[in-house]
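**Q** Please put together the full structure from these sequences, using the hints given.
Protein chains: 2
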Amino acid sequence: MIKHNGVVLVLSGPSGAGKSSLINKIADEIGDFYFSLSTTTREKREGEEEGVHYHFVSKEVFEEDIKNDNFLEYATVHGNYYGTSLNPVRKALAAGKLVIFDIDVQGNMAVKNRLGDITTSVFITPPTLSELKNRLEKRSTDTQEVINGRLAMARCEIQRTSEYDFIVVNDDLDTAAKVLKQIALTARLKIPHQIINTFVHKWEDIRE
Amino acid sequence: MIKHNGVVLVLSGPSGAGKSSLINKIADEIGDFYFSLSTTTREKREGEEEGVHYHFVSKEVFEEDIKNDNFLEYATVHGNYYGTSLNPVRKALAAGKLVIFDIDVQGNMAVKNRLGDITTSVFITPPTLSELKNRLEKRSTDTQEVINGRLAMARCEIQRTSEYDFIVVNDDLDTAAKVLKQIALTARLKIPHQIINTFVHKWEDIRE
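Note that the protein sequences, when read in sequence, are chains A and B. Those letters in the first sequence? Residues -4 to 203, by our numbering. Those letters in the second sequence? Residues -4 to 203, by our numbering.
Please keep in mind that the hints were generated in silico from the structure rather than gathered at the bench. These numbers come from a predicted model, not from an experiment. Keep in mind that the hints are not guaranteed to be accurate.
One copy or two, either will do: identical chains are not told apart, so a pair holds if it fits within one copy or between any two.
Restricting the straight-line Cα-Cα distance to at most 27 Å, the calculated cross-link-like pairs of lysine-lysine (BS3-like) are [unchecked claim]: (1) K133 to K197; (2) K197 to K14; (3) K173 to K197; (4) K20 to K173; (5) K39 to K54; (6) K197 to K128; (7) K86 to K133; (8) K133 to K62; (9) K128 to K107; (10) K176 to K54; (11) K39 to K133; (12) K197 to K54; (13) K14 to K86; (14) K39 to K176; (15) K92 to K173; (16) K107 to K62.
**A** As structure tokens, this is what we get:
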């Protein structure tokens, strides 16, 4: 088989869909992967760690990176920057890893535009909006205002699920994990166009 | 999980790539599928059977079907029609089956246009052009003229492999079969847009 270079798996879906639980559940079974961390200029909250929850940088560093086209995508939320830095992604792809992104529908489009040929995208959703509401209220880490915001966002994003290669309805965690594992393993079989081109070039080996 | 409707797996690649051998090898492991047969107006050759190698029809029937938009795609080769009839495909999709097409790059594009949201496409290729030449000459069912035609066609088609979701290099049959099985099982997880729309409609179940 052709030597594989890195590939991308995009996971989107509302906060409360169970993305982190699913990834933790299949982490040992899908082989070597790099989980892309977002970079942000917002203050570190209690319990948050650099390199675990976010890469925390200053506004100056972030804006310098914007200038140097070092972001796959970025956005401003409540005056703070959030973005996906390209350098660690490039490094992981060069090392042949499966790069996993946890990003929203806008981010998915940005990844598709830049890395479409090696990307598999999955939208993960709770079975219903009221189930999502239950989950968010149960975990009680957010204020009602934040929960309402998340629900409004979810209602918007669910309308764009057809932009994804797969939808996984996370009703039962074990079932959803099995499906996601299957998709992740197949995502590894994508071959970057540059490798295809090299292969095609060598393929025609008959000299007449 | 959402109830699945039918999905499509397109297999392309030169005659001699081993598509039939691969399908036979994984047939018992990928579950219920319908292998789409081409319809043709050419004469039945010795050893060929209706419904096994082709659907053989008259020119009049074929042209009537063209008029009624009953072909997913069709072409004329040496004065004979060849095409993929839509009716058996529709029936198999309605029954929730995996519909497998063995078609060329033009056919792949036609399928993509009509059934893109439920289609996974795979280009199967021998490791090199000279290996393809060896295989075609070894099986000695074709004249040198036909073999040359197939090689020319292969050289053309290999340039368009980036139009496919996956490339499988059939060097070792067991390895290639494992990869194709993995792809076929994941192809089953695609959800048609119409089912997504129904799901999205029902998803927002909170009435305020």
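**Q** If a hint holds in the structure, say so; if it does not, say that too.
**A** Hints, one by one, checked against the model:
1. K133 to K197: between (57 Å within a copy, 23 Å between copies)
2. K197 to K14: Close across copies (22 Å), not inside one copy (41 Å); limit 27 Å.
3. K173 to K197: Only across copies: K173 and K197 sit 24 Å apart there, 38 Å inside one copy, limit 27 Å.
4. K20 to K173: Close inside one copy (9 Å) and across copies (24 Å); limit 27 Å.
5. K39 to K54: Classified as within: same-chain Cα gap 13 Å, cross-chain 73 Å, threshold 27 Å.
6. K197 to K128: Between copies only: 15 Å across, 55 Å inside.
7. K86 to K133: neither (39 Å within a copy, 45 Å between copies)
8. K133 to K62: neither (42 Å within a copy, 59 Å between copies)
9. K128 to K107: The answer is neither: 30 Å in one copy and 37 Å across copies each exceed 27 Å.
10. K176 to K54: Neither: 37 Å inside a chain and 49 Å across chains, both beyond 27 Å.
11. K39 to K133: Only inside one copy: K39 and K133 sit 24 Å apart there, 68 Å across copies, limit 27 Å.
12. K197 to K54: Cα proximity of K197 and K54: none, with 47 Å in one copy and 42 Å across.
13. K14 to K86: within (24 Å within a copy, 36 Å between copies)
14. K39 to K176: Cα proximity of K39 and K176: none, with 32 Å in one copy and 46 Å across.
15. K92 to K173: Close inside one copy (21 Å) and across copies (21 Å); limit 27 Å.
16. K107 to K62: Within one copy, since 22 Å is at most 27 Å while 38 Å is not.
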